[in-house]
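S.K.: One letter stands for each residue in the lines below.
There are 2 protein chains.
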Amino acid sequence: METESHNNPQERPTPSSNGRASREDNHLLIKAVKDEKIELVQQLLERGADVNFQEEWGWSPLHNAVQVGREDIVDLLLSHGADPCLRKKNGATPFIIAGIVGDVKLLKLLLPKVADVNECDVNGFTAFMEAAVYGQVEALRFLYNNGAEVNLHRKTVEDQERIKKGGATALMDAAEGGHVEVVEILLHEMGADVNARDNRGRNALVYALLNSDVEKVKAIIRLLLDCKVDVNVRGEGRKTPLILAVEKKSLDLVQMLLEQTAIEINDTDSEGKTALLLAVELKLKKIAQLLCLKGASTKCGDLVTIAKRNYDSDLAKFLRQHGAVEDVRPPDKAWKPQSSRWGEALKHLRRISRPMIGKLKIFIDKDYKIADTSEGGIYLGFYEEQEVAVKRFSEGSTRGQNEVSCLQSNRANSHVVTFYGSERDGGCLYVCLALCEHTLEKHLADRRGEAVQNKEDEFARNVLSSLFKAVEELHLSGYTHQDLQPQNILIDSKNAACLADFDESIKGTGDPQEIKRDLEVDESVMKKMNAFYEKRKQNKTYQNKTYQNKTYQNTVGDLLRFIRNLGEHIDEQKNTKMKSKIGEPSQYFQEKFPDLVMYVYKKLQNTEFAKHFPKISTRTKPTCDGIGGGEQAGQP
Amino acid sequence: METESHNNPQERPTPSSNGRASREDNHLLIKAVKDEKIELVQQLLERGADVNFQEEWGWSPLHNAVQVGREDIVDLLLSHGADPCLRKKNGATPFIIAGIVGDVKLLKLLLPKVADVNECDVNGFTAFMEAAVYGQVEALRFLYNNGAEVNLHRKTVEDQERIKKGGATALMDAAEGGHVEVVEILLHEMGADVNARDNRGRNALVYALLNSDVEKVKAIIRLLLDCKVDVNVRGEGRKTPLILAVEKKSLDLVQMLLEQTAIEINDTDSEGKTALLLAVELKLKKIAQLLCLKGASTKCGDLVTIAKRNYDSDLAKFLRQHGAVEDVRPPDKAWKPQSSRWGEALKHLRRISRPMIGKLKIFIDKDYKIADTSEGGIYLGFYEEQEVAVKRFSEGSTRGQNEVSCLQSNRANSHVVTFYGSERDGGCLYVCLALCEHTLEKHLADRRGEAVQNKEDEFARNVLSSLFKAVEELHLSGYTHQDLQPQNILIDSKNAACLADFDESIKGTGDPQEIKRDLEVDESVMKKMNAFYEKRKQNKTYQNKTYQNKTYQNTVGDLLRFIRNLGEHIDEQKNTKMKSKIGEPSQYFQEKFPDLVMYVYKKLQNTEFAKHFPKISTRTKPTCDGIGGGEQAGQP
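Protein sequences appear in the order of chains A and B. Throughout, this note's numbering is defined as the position within the first sequence, counted from one, plus 2. Throughout, this note's numbering is defined as the position within the second sequence, counted from one, plus 2.
By construction, these hints were calculated from the structure, which means they are not laboratory data. One thing to keep in mind: the hints can contain errors.
Taking lysine to any residue pairs in the SDA-like style, the calculated list, with each CA pair at most 20 Å apart, reads [unchecked claim]:
(1) K310(A) x S355(A)
(2) K368(A) x V159(B)
(3) K287(A) x S214(B)
Computed from a prediction, not measured in an experiment: that's the story for all the values here.
Produce the entire structure from the sequences given, and follow the hints as far as they go.
M.R.: Have a look at this one:
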């Protein structure tokens, strides 16, 4: 149905073909409410749009009308049968939203229609609590005068209660929000319980300290202290209000709390730190001195050394006068490094004091340097207390972004160097990786003179296999490495190989040319690999010249395809598309490390193997007899 | 040599046996200087302690004497031949340290002895810069009057320069330190260049905004603006001073910057965000309004939606009046989830707006819930934009700590579920893991009715093999799982198995009893595994009853030992000790999943395999003929 009352043709609803309201009209109705176009709302309602339609998150036209604060639209919707009890997906009714926006007229309008002034959403928020959260003084008073329960604790869903969420009151909300007037009203006019606790045992004092505006925090804490709030409660990380005040770097706040006779000045947080230790660490001389003067124990860590490290000799002296002694930290004899090559440096790095960069401990010093790079070098470090190699980039570096992006997308690729995490600080990007013993380049160089041993044979095959899988999975994740070289293949303490150095990698567009780039190897690599395997060629066991015969190449190709199929974990359906993109990885490697391939082939050509894998041998029919080995028995 | 001048016997140096100064005396000398015990210093020097001895970090007695600010001790050391040019490991001389402590008497004493008033450490810090860093006004003036170069840029080492570290000046140091008086003196008395840039292109204005004390920042920025500092520079993340001022939530600072005619109000940071967008995101209504009134473009993101999400209808209206329009974000059609099971929910989660918890995007809502746990449940999430499963714990939970500790220590274990990272927020711990399709329990339940296929056989063997390796590596890292069950083994989209759920794991003390606990399986698991493999027993191919004969157990043991040896990557030397601790993992599994073991054995008993691995077959002599399969050809 159309009306002629509306002048803007763009805002006139187009009639649906059957003359009845369509689903599209319902969306238009919600949009019209959001846009506060009351006439369009009316038109849509009159032609039958569903007044109780709920969008994705459960928002109905009435919820939206309340949010934009339009009493006239709310009236209109109610007169067209809007249900005032409809709940959004999070359980909030229009009445609760009216508490958020703090509109007393709307609250008045809706109050007679709701079952209970204390109705709450799934997280237990009532209209009264929301008014406290958003600092809506008038709404707070209206709700209070109409029976809202001031000291109600939030009741939340089971999953949340299991991790001790919930249980907060309106006073805590107002304190966290920094709403001084609301806190004052709640305490002095409405009888709010100053010592109510949430499910984690926190009271309004702890909540007040969550706000970032120190002036508001001071005003609210003054109010709470006047009402005898308990000062010996704990926040996150078992921090006391005193510790939280130190972290806020506010001498006034610390002073206010220290005036309380009940304060436990030496209480520690979950890391065992006292307020005084934190003050010294944070270079807060005046606060540290105040704490000492108020009787804080100086037996709470190596205060003197920390003060000296910060070049604050005055504070160091002061602390000594108050009984602090300089500790010498004994080396941690129980701890053993995993890396043998970097063991001594790691022991040293572990012992020294360093400011943490997020989860990373590092010291940019030549004693801890692993290698040079084109940017900031590779250094030893500890990430979450695990030994790591840390590659540094400048913050905006494209190489750094490539490296991190590729590693983030390939965390589950077990043939790519394990990515621990990254940190950013002072314009630097720190990429933390599993610490390996050598690069393949170094490994080959070190062993150039050695005789061929069985162990070494396994190693060569292992490298080939790992590279196969690493590159294949990398391509499946959409990345191309673009810099496959022996110095970018790492060897860990178990002699396992993994692929590293993704700072030249690119996220593909699916263009086969991009992936092909992974197959161009510069000549130097070829040379190195040749030099290494030349030894084997000279060994009389391998002096069968047939492997240099081109006619064998197809056979080797079959063999490699066979190896690849062994390692194949990828769902075939999904794989079809990628296969056509990548082509035959076996062939890539054949081109890339021809002597390695030849070598593996020679070692294995006399084994009888294929018959154990009937499915695959039927498929690929290798002309060689088979291949030995198997890390994971059970995956033909 | 002993003297009788000292009264405290505890502080008298013990004579060394040969009458000459020992290395111990050198350490005692440094300690005596630190303790400011001048008489003891003198005694040690007189009996021959090395006046130029340098401790671990290169600290000499003279460095220490300067740090504690004792002119008399400095004099004494110099008279005993202390070298005033000795450098600490970081290149700092006693003169530079005198700049840090700001002691003019010491500077005067040392100045005639140094080569250059502008001598610097390896990072390019001069005494003058250090005086600026530490706000030492008198030292600054003294050094200036004695020829210190005011506008020297720091020259640092090559590794640091490559990532654009270095290049800062004393003015920047004073600005960052919040030393208002120093900034004023540098600008007005010493001719500091207000627009000097460091190697990243940052000037003193950007440095000033690094300080956390807003009042000091305001005072310094006032001084800099009065000297016509360039306001269109960039800090970390390409943030402009205006953006940094918004992040500081300071209306005054924003106002000061907006008064500059040259300001580029719409400049974006490296994430493409303008000052206005940040102000709206940070719920800074007054700042957002001021920016609009000063002409900031409202075409910089979905401002209206963000304001509405924060329930600030006023601001939303204001923004609309200034040309902001409500965007509807189109779904990202290019993005495809990797998980098929969770694909739809992931698409939805990716599209919606959520506040980030560090690197994690999550929404605690039943639509994104994967499973219940004894604590906070497991939910879908994106960690660094990768799809993950997120296990929630309450912050102080022992289970949560176990889980994270074990995962952190086993990142490189490729048979343990890949650990992405953890976040803490609002009293919750979020543990982010690779998203798998099913648990083994569910997988077995779903397939209970299916006929035995080749694919399924591989799968069974794969599970066994992965479990082997996962638990073995776990034990090597010192952890025991303590809750090995099919519901704690995950199956990914490639049907690979990995071990998960470490919230009952313990870090071992090396007690074999602890590890043994991993072998106690409750009965229900046995039952489940039995139920699954019962199918196979009923299959006529496997109706040879011999596998239930106890006499075969040893053979199976050998077989499993053989499988284990295939996968063995561990250095044998290192392994010896652990082996005795762990015992035979093969036997553990045999006890744990007897039917699985039997099944594998049956499948493989007819293969001829052992002869391909002469080394191993000689060692373990399996009575079975061999075993098939091999994920990584090349690792016998």
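S.K.: Would you mind marking each hint as holding or not holding in the structure?
M.R.: Verification of the hints:
| no. | hint | result |
| --- | --- | --- |
| 1 | K310(A) x S355(A) | holds, 12 Å |
| 2 | K368(A) x V159(B) | holds, 11 Å |
| 3 | K287(A) x S214(B) | holds, 16 Å |
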